[in-house]
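Residue numbers (our numbering), protein chains in the order written: chain S, 1 to 272; chain P, 1 to 153.
Think of the hints as simulated: they come from the structure by calculation, not from any bench. Just to be clear, a hint being listed does not mean it is correct.
[Stated by the list, open to error] Computed list of chain P residues with no C-beta within reach of chain S, every gap over 10 Å: (1) Gly16; (2) Leu17; (3) Gly20; (4) Gln35; (5) Glu43; (6) Pro46; (7) Gly78; (8) Pro88; (9) Arg97; (10) Glu117; (11) His120; (12) Leu126; (13) Tyr149.
[Stated by the list, open to error] To be clear about the criterion: a stretch of chain P counts as covered by chain S if any three or more of its residues have a C-beta under 8 Å from a C-beta of chain S, and this derived list gives those stretches: (14) 64-74; (15) 103-112.
Quick reminder that beta carbons are idealized off the backbone N, C-alpha and C, glycines included.
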Amino acid sequence: MIPRKARVRRRWSETPGVFTLDLALDDGQANPFAFAPGQFNMLTVFGVGEVAISISGDPSDTKSLLHTIRDVGAVTHALDGLEAGAVLGLRGPFGAGWPLDEARGRDVVIVAGGLGLAPLRPALHGLIGQRERFGSIELLYGARSPDDILFERELEGWRHRLDLNVEVTVDHAPATWRGHVGVVTTLIARAGFDAPDTIAFVCGPEVMMRFAIKALEDAGVEREAIYLSMERNMKCAVGLCGHCQFGPAFICRDGPVLRYDRLRDLLALKEF
Amino acid sequence: MEGLERFVREHPFFAGLEEGFLGLVCGCARNVVFQAGDYLFHEGAPADQFYLLRHGRVGLEITVPGRSAVTFQTLVAGEIVGVSWLFPPYRWTYDARALELTRAIALDAACLRGKCEQDHDLGYDLMKRFVPVVVERLHATRMQILDVYGTST
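Turn these sequences into a full structure, and let the hints steer you where they fit.
This is the structure we're talking about:
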């Protein structure tokens with residue numbers, strides 16, 4: 001429960017209001033930092049507070065530890081103000097990640113909306129790292145506008161690969177934009193995966209995930225093969241405090257990645 | 001005509017269309033090609049056709065006063081452009097522009113509406129095909145209006 005000391009190695013802006021911190025552990029303990037795609041860390045700005053942030057980098061890259069963050073509250077705003085060399089606290093990694101082992105031999109469709117691409121990026125790196133073990137891989141990404149597309153250069157690189165299908169859409173765009181326009185769910189019907197043998201990883205705002213689930217089910221993907229990354233108010237991160245309880249599950253401990261059939265009835269309830 | 005029938009039969013929008021209806025639909029159809037930048041139609045103009053996209057991509061745009069045009073949807077091969085031809089006053093409510101070389105089947109709206117009036121089974125079949133498209137686009141519009149990726153969420 002005690003944070004480890006970490007230091008900001010680099011900080012850069014991704015899109016308006018979104019930035020990435022590359023951290024290095026600075027406490028003399030085990031380094032590099034091992035994590036599974038989809039896991040998160042609790043980052044502490046001393047004197048301000050602690051916040052749960054998904055790890056957004058490549059799990060096999062031992063030289064960086066990336067967190068991509070939107071400046072929306074007091075702690076994330078303070079994180080946004082940190083420069084290279086600044087000290088912060090880190091607890092983690094926590095939670096259950098994306099089930100890459102279950103994806104072996106199957107088609108994989110990744111549906112990401114907005115900042116939801118950040119916790120999915122490690123999964124995509126993991127899939128690419130063992131590319132021969134999977135069927136087709138589709139990344140379907142939706143952003144608000146062309147200016148809000150995360151990891152644009154990396155997306156372009158993936159798009160040039162012959163063994164990945166990457167489609168990007170924006171909700172609205174100026175007429176000069178040459179790409180797709182429309183909600184990310186429209187890409188699901190156009191994608192070329194073999195639905196009965198497909199596993200889907202979905203992350204984004206909950207409304208978007210509900211629409212994505214419907215589109216995936218309409219396309220024939222089994223609900224037991226749909227995984228979501230849930231976001232709740234995580235505090236202790238070890239399933240003790242109950243702040244992130246979602247029905248019978250604690251998002252911090254049992255999630256954040258959970259199978260859709262475990263959440264199906266709860267997603268429709270307003271009080272959750 | 002044979003090629004046209006094949007295109008209509010193979011287009012996902014008309015999947016499973018009865019042979020009898022196919023002939024009626026094809027009687028109102030013709031092949032069209034748009035170069036990149038060509039407009040399929042403009043806002044306010046009579047909605048006298050709709051299009052089955054065979055190849056290429058079309059952007060639906062609304063011009064906002066004082067700003068340049070905003071694209072709110074792009075459509076690709078296998079999808080349809082235009083539902084305003086179904087309902088009075090039969091006017092387009094947005095612009096549609098080819099974003100790249102686009103090949104399509106254009107269906108004459110007055111011709112098809114006339115055939116639907118004469119043969120309600122055809123009309124009912126067409127409605128069952130159009131309503132899910134309209135509902136799906138309504139849902140998509142709702143998601144866009146919610147601005148789910150906005151900073152407030």
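We went through each hint and held it up to the structure:
1. Gly16: It holds; Gly16 of chain P is separated from chain S by about 17 Å at its closest Cβ, greater than 10 Å.
2. Leu17: 19 Å, holds
3. Gly20: 28 Å, holds
4. Gln35: About 15 Å separates Gln35 of chain P from the closest Cβ of chain S, which puts it past 10 Å; holds.
5. Glu43: 14 Å, holds
6. Pro46: 23 Å, holds
7. Gly78: It is violated; Gly78 of chain P is separated from chain S by about 7 Å at its closest Cβ, not greater than 10 Å.
8. Pro88: Check passes; 27 Å lies beyond 10 Å.
9. Arg97: Incorrect as stated: the minimum Cβ-Cβ distance to chain S is 8 Å, not above 10 Å.
10. Glu117: 31 Å, holds
11. His120: 28 Å, holds
12. Leu126: The assertion about Leu126 of chain P holds, with a minimum of 20 Å to chain S.
13. Tyr149: About 4 Å separates Tyr149 of chain P from the closest Cβ of chain S, which leaves it inside 10 Å; violated.
14. 64-74: Per the Cβ count (7), the hint holds.
15. 103-112: violated (count 0)
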